[in-house]
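Here this note's numbering is used: position 123 in the sequence shown is 131, and no number is missing along the way.
Hints are computed from structural coordinates only; laboratory data are not their basis.
Please read all numbers here as calculations on a predicted model, not as lab measurements.
One should not assume that every hint holds.
Estimated spans, in silico, between C-beta atoms of each pair [unchecked claim]: (1) VAL57 to ARG10: 30 to 38 Å; (2) ALA268 to ASP141: 23 to 31 Å; (3) ARG283 to ARG109: 40 to 48 Å; (4) LEU61 to GLY194: 34 to 42 Å; (5) ARG29 to ALA129: 39 to 47 Å.
Ideal Cβ positions, reconstructed from N, Cα and C, are used throughout, including at glycine.
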Amino acid sequence: MRIFLAGGTGVIGRALVPALRDAGHTVVATTRREDRIDGLLRLGADGVVVDALDPAALTAAVGAAGPDVVIHQLTDLSGGSSGANARLRTEGSRNLATAIRAARVRRVLAQSIAWAYADGAGPATEDTPLDVDAAPPRSITVDGVTALEQAMSESAPATILRYGTLYGPGTWYSRTGLHAEAARAGTWSPALAVTSFLHVDDAVAATVAALDWPMGPVNVVDDDPAETIEWAPRFAQSVGGQVEQEALAGSHSGRPVSNAHAHALGWRPRWSSWRNGFAAL
9 MRIFLAGGTG VIGRALVPAL RDAGHTVVAT TRREDRIDGL LRLGADGVVV DALDPAALTA
69 AVGAAGPDVV IHQLTDLSGG SSGANARLRT EGSRNLATAI RAARVRRVLA QSIAWAYADG
129 AGPATEDTPL DVDAAPPRSI TVDGVTALEQ AMSESAPATI LRYGTLYGPG TWYSRTGLHA
189 EAARAGTWSP ALAVTSFLHV DDAVAATVAA LDWPMGPVNV VDDDPAETIE WAPRFAQSVG
249 GQVEQEALAG SHSGRPVSNA HAHALGWRPR WSSWRNGFAA L
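Please put together the full structure from these sequences, using the hints given.
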């Protein structure tokens, strides 16, 4: 298939390009920076410079690519601003949806997140409502995710990939990532929550597999959700840092996320638990 990858230079995009090529697909991948085009070519994609916040340019880029499938992997995380990322999820997704309809694309995959569910008893499934009544600052993220999922679902037959908290190469949870640096500096104070993790390699494998999955949301998380008090010391130790036990005192928010639907579709994470994943960082 011919695939238009919106967001080819992010954590998932960089690894997704060669994985799609290895699966026999032709890839056109976007970046906002001219100096990243050569890198996309080396990975095996035709690169195109386009800003998803420029609707006319994005529509032209998708139209010129003539894809069978569009994969939405757009993020804006470099500055650590949830507002910037939410804007891209909202406006960028709306612009991409317009481009998809104009090009009459027949299939869409889109990156979403697995930690936007409303609180409640038991693991969250794909039928669990999103936390649309969340207060700020959480509402910034949830509103952006809601807008993204709606825009993509209305653009073409869409599979929404609700990834868990990513760890591994290039993420904030890597040996050189933001949280590792804070842990080594002794300043790390992670939020107290139930977290469902996902190794970036498993995110990539699931995305390639999802080309054959049905429409609708799919939770893509590992098999071992855990509270911060359990996983944070393991992560800190794996990167040569520390987290003070006092920082882990208190009640944890959130809920575990079920990956039973993804399992039923035939997907299994290579890194079934963050425990062995962290040990390999």
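Query raised in the report: In this structure, is the beta-carbon distance linking ALA268 and ASP141 contained in 23 to 31 Å?
Result: Given range 23 to 31 Å: holds, Cβ gap about 26 Å.
Query raised in the report: Regarding ARG283 and ARG109, is the given constraint of 40 to 48 Å on their beta-carbon distance met?
Result: holds, 44 Å
Query raised in the report: Falls inside 30 to 38 Å, the C-beta gap from VAL57 to ARG10?
Result: Taking Cβ atoms as reference, VAL57 and ARG10 lie about 19 Å apart, which means the hint is violated.
Requested in this report: Evaluate the given range 34 to 42 Å for the C-beta pair formed by LEU61 and GLY194.
Outcome: holds, 38 Å
Query raised in the report: How does the Cβ-Cβ distance of ARG29 and ALA129 compare with 39 to 47 Å: does it lie in that range?
Result: holds, 44 Å
Violated hint: 1 only; the structure is consistent with all others.
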